[in-house]
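Asker: Each chain, letter by letter, is given below.
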Amino acid sequence: MIFRVFAKEELENLYDILAVNHMVGAVSKGIGTSGPLFDFDFIYDFKDLRLDFSTTIHSLKRFLLPPVETLSTFEMQKETWQKHVDYNLSKPIVYFGLHTCDINALNKLDKVLWGSVYPDPFYAAKRKNMFIIGSNCMPQPFCFCKSMGTDTALHGFDMFLTDIGDSYFVEIESARAFDCISKLKNREPDVDDHNLFMQVTEAKTKQFSCHVDTTDLTKILDMEFQSEAWKGWGEKCLSCGTCANVCPTCYCYGVTENVDLDLQKAQKIKQLYSCNLIDFAQVSGGHNFRPESHSRIKYRYYHKHRGFVEAFEESLCVGCGRCGVSCLADITVPEVIASVRGKEGHNG
Amino acid sequence: MDSLPFVDVMASSTSHVGKSDMKSFEYTFQAEITNVYPLTATEKLYQIQLIDPAERQRFTFKPGQFVMLELPGIGEAPFSISSSPIRHGDLELCIRGVGNMTNFLAKVPRGTKVGISGPFGTSFPVGKMYAQDIMLIAGGLGLVPLRAPIAAVLENRSRYGNIDIVYGARNPAELLFTYQYDMWRQFDIDLSIIVDQGDDAWDGPVGLITSILAQRIAAARDMKKNTYAIVCGPPVMFKFVCDMLMKAELPMQKIFVSLERRMHCGRGKCCRCNIGSTYTCLEGPVFDYWTVMNLKEAI
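First to last, the protein sequences are chains A and B.
The opening position of the first sequence corresponds to residue 1 in the working numbering, with each subsequent residue numbered one higher.
The opening position of the second sequence corresponds to residue 1001 in the working numbering, with each subsequent residue numbered one higher.
It cannot be assumed that every hint is accurate.
Claimed, not checked - If we take Cβ atoms under 8 Å as the criterion, some of the chain B residues that face chain A in the derived model are:
(1) D1021
(2) G1073
(3) I1074
(4) E1076
(5) T1102
(6) F1104
(7) P1235
(8) G1268
(9) K1269
(10) R1272
(11) N1274
(12) T1278
To be verified - Some residues of chain B that are not near chain A, with every Cβ distance over 10 Å (derived):
(13) M1022
(14) V1036
(15) D1052
(16) Y1130
(17) R1159
(18) D1164
(19) Y1181
(20) I1189
(21) A1214
(22) R1221
(23) M1244
(24) M1252
(25) R1261
(26) H1264
The hints are simulated quantities; they were obtained by calculation from the structure and are not laboratory data.
Just so it is clear, the structure is predicted and the values come from calculations on it, not from any experiment.
Note that CB positions come from ideal geometry on N, CA and C, so glycine has one too.
Isolated chain B (complex conformation) (with noise of 0.2 Å):
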């Protein structure tokens, strides 16, 4: 026999997966970094823009996804993309310098290129929540990954019912997007923010989130039947704060909580995500609270 047919995975046309699918898998848009915004001492918000207006365009992600950010020959990592999805291509990410990578970034000049891959995972269904009230709790950098959900909200404000952002941090230091608190206000957002430890300048509340939390679902309409929530935070948060929304009797189906997990493909390949065994780049980082409740070790 003479050797055998090489078969090229690109232009086979045997194989039941397509073309387009396979070529997609390393796949990187050019990104520039256009802005960095410094918004704490440790997190600064990138607005970084697809460099090709056709891909821009066609750049097309709901609220809650995640990018791949790739500084090539440093790293990549998976990052919430914190802006509105009418903006397409023209991404915000929000990001805490922690690590070799984030660090890197937080040096480099605008202007620079780096990759952007994506988007991935699921979304929170802000078309299903018209008409409805909407509760966003958010502690230390939860707030990143739900600054896309209250962007897609505010541009359809009076599609929804009454809004409440509960935002706790640890300190008046560390809170993430104060220039924008007073345009929520104007679009009718009840904003309320409680820190761990103040300072000499603070006059908020100071304490735990749940305590703040409670005086809002006091305050809520109707937590059974007209009101969705939102929930992102450190691990040790979602389960305090999701045991209260369950005992304030909203429905699991409508609490959703985004999860961070390690991520290395963000294509469910690479298994660092897993929780028990479910991908969160492909089932998450959104899932609904009945979801999280059957996944050991979620939260």
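Extracted from the complex, chain A is given alone in its bound form (with noise of 0.2 Å):
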């Protein structure tokens, strides 16, 4: 890898440098009851852009798998039709200011939609017009990327900045992100450089307030199936979905077709989805694989923290703490999983 210091006044001429492309990062949206909101959205203006941004409400879920999105679309003729794919290739963008836990998230959604068999074009497209620069963060009171091991990106992104006082240390991961770096006033880093640089570090891991004990976790799953706790949280859980819609990670769709009312042309559009609503395992006939709400909230911890795990060697939750901060119950990942280990509430 390589590294470069620049200083802090050189970030506007960077967004200059790409504000030739579609631009997304976070903006402020105003102040809610714990605090300032902020979300992903589209920057015209480099005053809007936030680098000291908390979590986003949101994941960067909306310009990657759109809550909505047309599969393929069918011409309908007199005898027959066809079938017309389109992979909604849009322009690249570049994505200003991400933290670990959304590049991570990405890494891992990665696995599964275009790494193993009948990859997603849909994903693909839009994954490899990416350009994306990282940021560091300190923790809020709910991460615990820490625990989950996404508290660093390894890979990923184009480069990453972290803020060292009056400047950034940049790491840069591409040939097109150091074509950039190039253009700014930059030098190499330091031996002072390095020390900052690992200070962040360390004060980040220290702030750190919020922990799950993920030792042994798939066969703690697995054992505590039938734990009294699952119960529990399926009496407090409203099975809304929000907290598939925040999550950086959910990638459950349902497929539904409609006819226009021409009978011209219809549409297959995929639609995200969330494990947590009640018909979602339901087959033709009526029979529901999970019909109560604690089977349902079990399984959305089973797929993140066992399954996936099986599959890929690594959680498919990145401790960003979205779900619980949005959850109308007030449920929380390591509430959730404490109590399947037996015990009460959380070091947090």
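Combine both chains into one complex, guided by the hints.
Answerer: This is the structure:
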């Protein structure tokens, strides 16, 4: 990896260099009950761009896995039909200031949507056309990315900015990013910069207040499959699917088909879904494989913390804590995991 | 910097994923419903033929696999193939009219163009079962996915030992493929049928499938060494039948079950078919019993 350092005033130049492209970054969305709110949105002015943001309300999913996406269209002819598939390729997008959890979420989604059998071209097209600038963050009280091993990003970005006082320490991962940095006033980092960088990461590590014990979690989830704790969470859960909505790695979906009113065209539409919704596993004829709320919330944890681990050697959860923040019933991952392990509450 | 170069995934050579893999994701074979046979009041057998002769010939599947059948504008759903693999893209699907799409399908005329994608999923390893006895146990619609392995076995009948079909249905009117029973028996297949509720014309046994299965197990040559079992039926049936087979000392890796789940993609993406966290569309629908025991909430 190549490292560079540039002064903070140069950030606007970096923005200007990339501004010819579509640009997505965190913007302020007002003040919520627990502090300022941020969300990813298109950026049209450098002044709107924030790098000092806490966790955004939603993840990047809106841009990569749109809530509603047309998979194919049908042109109905007299006796037959023609299917047209458009991968919904749009222009490349620059993502400015992603945190490590968001970058790791993309890396995890890559494994299942791109790297496994039947790669998804709709996802791949958007993923290939990303230019990612990461930025370091300080953990919020609900962040437990340290426990999930996603507090650093090893790959999956073009450049990664770390705030070291009056300048940015840049990790460069791609030739395109190197070209950008070359156009700024930059210098090679010296020993002081290295020390500053290490101090920042140390301070970040120390600030984590929320932890999840993932030791042997796959086994414990299996052992405690019939645990009473799930029933308790099931009673609390409203089965609304908000957690899946804000989760950066939830990719479940449903497919529906519609016919235009003039019967000339039809569409096959993919809509993101949530495994907490009641008809998620209901088959024709009415049998529901997961009729109770507790079996659905249990399944959600199974997929994130067990199934994905078995398939790809890592958890699907990135520890961003978004689901806990937006949950209407105040169900948080650290509390659920702790209760399944037979521990009351969590150390957060 | 100029605008970023646009990467077309279909043209990109840097991707580790092949272009044809990407293209296959939403690819649908055009097919035509060539014939429809009503089997019972609700189930019909659809003969569906891939229109392009080359595609029809290239379309190969293994018994137990399924296809996604698409009615443009109406819906797409997974169905087990219940015809013989040697017939390639000349498929037979047995479908019960039960939802939006299947009820629409029940009304369409012959010659309707539909979409087929697949085949997907795992299959019954009929090739491994040479020289062995096979016990096929089906409840209700469970006979549908079993008709493909039955057909595959019949084509190579001399290679297999005793073949038992144990089939249970709610009542005689719901029995499927009744016109084939004589043909199966001619091929030296022991076909035992039981219904939950008989009618005036019914002179066969009445009761649960387990009662007739017990008789067949007692009559079996050697359950421990020489028998494979293939099971498909409603969720409640699996447990009782598999427990009985286990008690008869049939090794669990020689029991195969075919499971049903809701599916929206068939390609391991939509998560709707997950059992615990295993994709039924990729690692199933055919599982051996060892895998099923390892899956929470599978049966």
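Asker: Against each hint, give a clear statement of whether it holds in the structure.
Answerer: Each hint tested on the structure:
Evaluation of the D1021(B) hint against chain A yields a held restraint, the C-beta minimum of about 5 Å falling below 8 Å. Interface restraint check: G1073(B) against chain A, minimum CB-CB distance 3 Å, threshold 8 Å, status holds. Interface hint status for I1074(B): upheld, as the beta-carbon distance to the closest one in chain A is roughly 6 Å, under 8 Å. Interface hint status for E1076(B): upheld, as the beta-carbon distance to the closest one in chain A is roughly 6 Å, under 8 Å.
For T1102(B), the shortest C-beta to C-beta distance to chain A is roughly 7 Å, which falls under 8 Å, so the interface hint holds. Because the closest C-beta pair between F1104(B) and chain A is about 11 Å apart, greater than 8 Å, the hint is violated. Interface hint status for P1235(B): upheld, as the beta-carbon distance to the closest one in chain A is roughly 7 Å, under 8 Å. Look at G1268(B): its Cβ gets to within about 6 Å of chain A, closer than 8 Å, so that hint holds up.
Interface restraint check for K1269(B): the shortest CB-CB distance to chain A comes to about 6 Å, inside 8 Å, so the restraint holds. A least Cβ separation of about 7 Å between R1272(B) and chain A falls short of the 8 Å threshold, and the interface hint therefore holds. A hinted interface residue such as N1274(B) counts as satisfied when its beta carbon comes closer than 8 Å to some beta carbon of chain A; here the least separation is about 6 Å, so the hint holds. Annotation: interface hint on T1278(B) holds; nearest CB of chain A at approximately 7 Å, less than 8 Å.
Distance to chain A contradicts M1022(B) as a non-interface residue, since its nearest Cβ pair spans about 4 Å, not more than 10 Å. For V1036(B), the condition that its CB be more than 10 Å from all CB atoms of chain A holds, with the nearest at approximately 17 Å. For D1052(B), the requirement that its beta carbon stay farther than 10 Å from each beta carbon of chain A is met, with the minimum near 12 Å. Every C-beta of chain A lies more than 10 Å from that of Y1130(B), the closest at about 29 Å, which supports listing it as non-interface.
With a closest Cβ-Cβ approach of about 31 Å to chain A, R1159(B) is found to remain outside the 10 Å limit, as its non-interface label requires. With a closest Cβ-Cβ approach of about 28 Å to chain A, D1164(B) is found to remain outside the 10 Å limit, as its non-interface label requires. Every Cβ of chain A is farther than 10 Å from the Cβ of Y1181(B); the closest lies at roughly 25 Å, confirming the non-interface assignment. Separation of I1189(B) from chain A is adequate, the least Cβ-Cβ distance of about 29 Å exceeding the 10 Å criterion.
The beta carbon of A1214(B) sits about 27 Å from the closest Cβ of chain A, which is more than 10 Å, so the claim that it is off the interface holds. Remark: the non-interface label on R1221(B) is consistent with the geometry, its nearest Cβ contact in chain A lying 36 Å away (cut-off 10 Å). Distance check on M1244(B): its Cβ is at least 23 Å (rounded) from any Cβ of chain A, clearing the 10 Å threshold; non-interface status holds. Non-interface call for M1252(B) relative to chain A: holds, since the shortest CB-CB distance, roughly 18 Å, exceeds 10 Å.
With a least beta-carbon separation of about 7 Å from chain A, R1261(B) fails to lie farther than 10 Å from that chain, contradicting its non-interface assignment. A beta-carbon of chain A is positioned within 10 Å of the beta-carbon of H1264(B); the least distance is around 4 Å.
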